[in-house]
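Colleague: Chain residues, written in single-letter form:
2 protein chains.
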Amino acid sequence: MVAELISVGTEILLGNIVNTNAAYLAEKCALLGLSLYHQSVVGDNEARMEDTIRRALERSDVVILTGGLGPTKDDLTKEVTAKVFGKELYEDARTKERIQEFFNRLHSKGKITRNNWKQALVPEGAIVIENQNGTAPGLIVTGEEGTEYEGKRAILIPGPPNECIPMFETQIAPYLSGLQPEGIYSCMVKVCSIGESRAETMVADLMDAQTNPTLAPYAKTGEVHFRITAKAKDEKTAEQLMAPMVQELKNRFGDYIYTTKEEVTLEEAVVHMLEERHMTVTTAESCTGGLLSGRLINVPGASSVLNEAHVTYSNEAKERILHVPHEILVQYGAVSEETARAMAEGACKVSGADASIAVTGIAGPDGGTPEKPVGLVYIGCTVKGKTKVERCCFTGNRQKNREYAVARGLILLREMLLEAK
Amino acid sequence: MVAELISVGTEILLGNIVNTNAAYLAEKCALLGLSLYHQSVVGDNEARMEDTIRRALERSDVVILTGGLGPTKDDLTKEVTAKVFGKELYEDARTKERIQEFFNRLHSKGKITRNNWKQALVPEGAIVIENQNGTAPGLIVTGEEGTEYEGKRAILIPGPPNECIPMFETQIAPYLSGLQPEGIYSCMVKVCSIGESRAETMVADLMDAQTNPTLAPYAKTGEVHFRITAKAKDEKTAEQLMAPMVQELKNRFGDYIYTTKEEVTLEEAVVHMLEERHMTVTTAESCTGGLLSGRLINVPGASSVLNEAHVTYSNEAKERILHVPHEILVQYGAVSEETARAMAEGACKVSGADASIAVTGIAGPDGGTPEKPVGLVYIGCTVKGKTKVERCCFTGNRQKNREYAVARGLILLREMLLEAK
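Protein chains in written order, with my numbering: chain A, 1 to 421; chain B, 1 to 421.
Hints are computed from structural coordinates only; laboratory data are not their basis. Mixed in with the good hints there might be a few duds.
One copy or two, it doesn't matter: identical chains are merged, so the pair holds either way.
When the alpha-carbon atoms are kept at most 25 Å apart in a straight line, the in silico BS3-like pairs for lysine-lysine are as follows [what the hints assert, rightly or not]:
#1 K388 <-> K87
#2 K236 <-> K386
#3 K220 <-> K400
#4 K73 <-> K87
#5 K231 <-> K349
#6 K28 <-> K400
#7 K349 <-> K83
All chains should be built: construct the whole structure from the sequences, respecting the hints.
Modeller: In structure tokens form, the structure reads like this:
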């Protein structure tokens, strides 16, 4: 089954917002086993929208439209879709009720404008999808027998991501899945401590030989994610198909695998390892300036392993807060193996934490020298009194270099926790 | 002149990467005064790509294609474009030389594969654009007189953002600008301390009355940006057209305006204010966990105003590091006005900084109670011994609530610095 995405709205068309919905929906559709050949973006213009929808219906079975379902007269997606399918709009009593309820929950009753009732209009014969997070319902319109787009489907979803994503996840995805003869199931194996090209080389034979399940790599900052996807009649059969591939990846990557769960992040895996070991961690950051502790504290419940963290940007702060010896800073400089080591060890001492990560480097754009170029970062890690320091040369801009340093810090800690096992 | 964007590549089509190039290019094209009605995404498939390019050339004057210029046989953008325009490819000596130079700079000489020379092939008559950051050149192909696409243009740009953006900025934008009878110039007025809807209401009359220059608002986290755009024969005339509008915004928003420079961020404006006042700042973060200091240290040269920062996640750390009185934590709790105040004041004291921002709150998803719901954040700010605390109720998820808290912290500091003037 061929699906196609149309994003409606001037803000996306003119680049005021990045089209993250399209990436989300495309990835989900691919996972559902739909073939995707085209995406398009069109503004709030009736003629161009009609043209775009017609063309999509000609070449695809399912056209997913996002945006343009708001209450203003600029919002035309529903009107144009109904016209293309030759359907009238009528006021749906249940939707009207839900809009009223939504407003009652959020606002005083007086605030509903006449515009809002436009959102209760739905094309005849459409499946109406309730919106838990807004007033515009989702809609599924199917071409009637004997009409131009017989059996073709248009799926209309509100544009705001906090409405679009939950609606797709809970209601549209199961619907699309039901249209497919076989289900598509997938799982994720997330790998760190190894570069993208080496990781791919290690499984090149599996990727070449793939039919069902298939294996696809995705490079992330400091990580590689492998998605295994199987077509099968049910979840159990899919799991049986995927299990040998998961096992093969485990055989090849071993401890490089930090999770086989889609939703687990690297920081979550690290926090979980610390929890299991009843250990606490702290950080000592210079150029990353708090981004590393910020990432650890992304994890809900991080308070069980992290009590405090230190940003020591000046040399004076490194000395006073972390007790980095003055002589080390003078002799080797703030960006040095010795300083990174002293920061990591000092952070453990002053906080009483069992482990620490320290980062000191030259993020750029200025401050580099021939001996210590921009991108040079020392990452120190202490686990139960043992310290390792890694010298990294990143080649990104200030922001990218700091992101890489944060990822590498988490990975180094993970490696040392594994060794200390 | 009507322009249209085509993004080529399976990774974008299937949602493995978000199409940030499209947003960047669309925004830039709009600023250059080009009309944009369509964007599309197509995979590395010859027939579908040809179809998409032909359709775009039929309805637009300039078609900008990104991606598909790599060295592999999947990369087809150049080949298909040449075919559509009825042009042959030939090897461009200068491009071949540049590819060789690029490799010499990056790698040992041995590493060029035969594939790479594919990138030296260019369509006859094309303008070749040098790529400072990669091997694939940019290309501008124009339809010959008497052919199907006479006078239409296809502009081919490499897909990686670090190649696409500098190439567009330095070479494509001036080229496109030269095609236009009048230039398009713009400037930005960035506003904080005021909500989006109120800010828009305050300039509704200016937006309604707009012709040249025009005024458009963009909501950012905690900020509103107003872009003023003028059409004019040269930059000086444009500035004369825009000046009264800028002045009018200054009259209406006054100190809410933190910059009129496109490239200046809120954190940069705050760091600059501190520099001017010869003041230093520190932070004391709980739920934001280092993101606030991380954002301040985004600013190159932040070391002149920030020496250290504190992440005190546990109560014990708040007491020991920031000297928050034990009784306050017991009586009012960690998420309270009193604790935020003590954190802000304590941070100044322990670090000797002239100013501080403290954040303590419940970012979610758990930990909320009826009295202290998820999203409740107290932000304290001390400037030269005077402290203010603000109670905020954010309604996003954990990540969004933390981002809002960081933005609000910076804005509160800015407000107090202005007051202390």
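Colleague: None of the hints should be skipped; say for each whether it holds.
Modeller: Okay, the hints, checked on the actual structure:
Taking the shortest alpha-carbon separations for K388 and K87, neither the intra-copy value of 69 Å nor the inter-copy value of 59 Å comes in at or below 25 Å. For the homomeric pair K236 and K386, neither the shortest alpha-carbon distance inside one copy (45 Å) nor that between copies (64 Å) is at most 25 Å. With identical chains, the CA atoms of K220 and K400 are at most 25 Å apart both within one copy (12 Å) and between copies (22 Å). For the homomeric pair K73 and K87, the shortest alpha-carbon distance inside one copy (19 Å) is at most 25 Å, but the shortest distance between copies (46 Å) is not.
Neither within a single protomer nor between protomers do K231 and K349 lie at most 25 Å apart by alpha-carbon distance, with minima of 53 Å and 62 Å respectively. When the C-alpha separation of K28 and K400 is checked against a cutoff of 25 Å, the pair qualifies only between copies, where the shortest distance is 23 Å, while the shortest distance within a copy is 28 Å. In this homomeric assembly, K349 and K83 never come within 25 Å of each other (Cα to Cα): the closest approach is 71 Å inside a single copy and 68 Å across copies.
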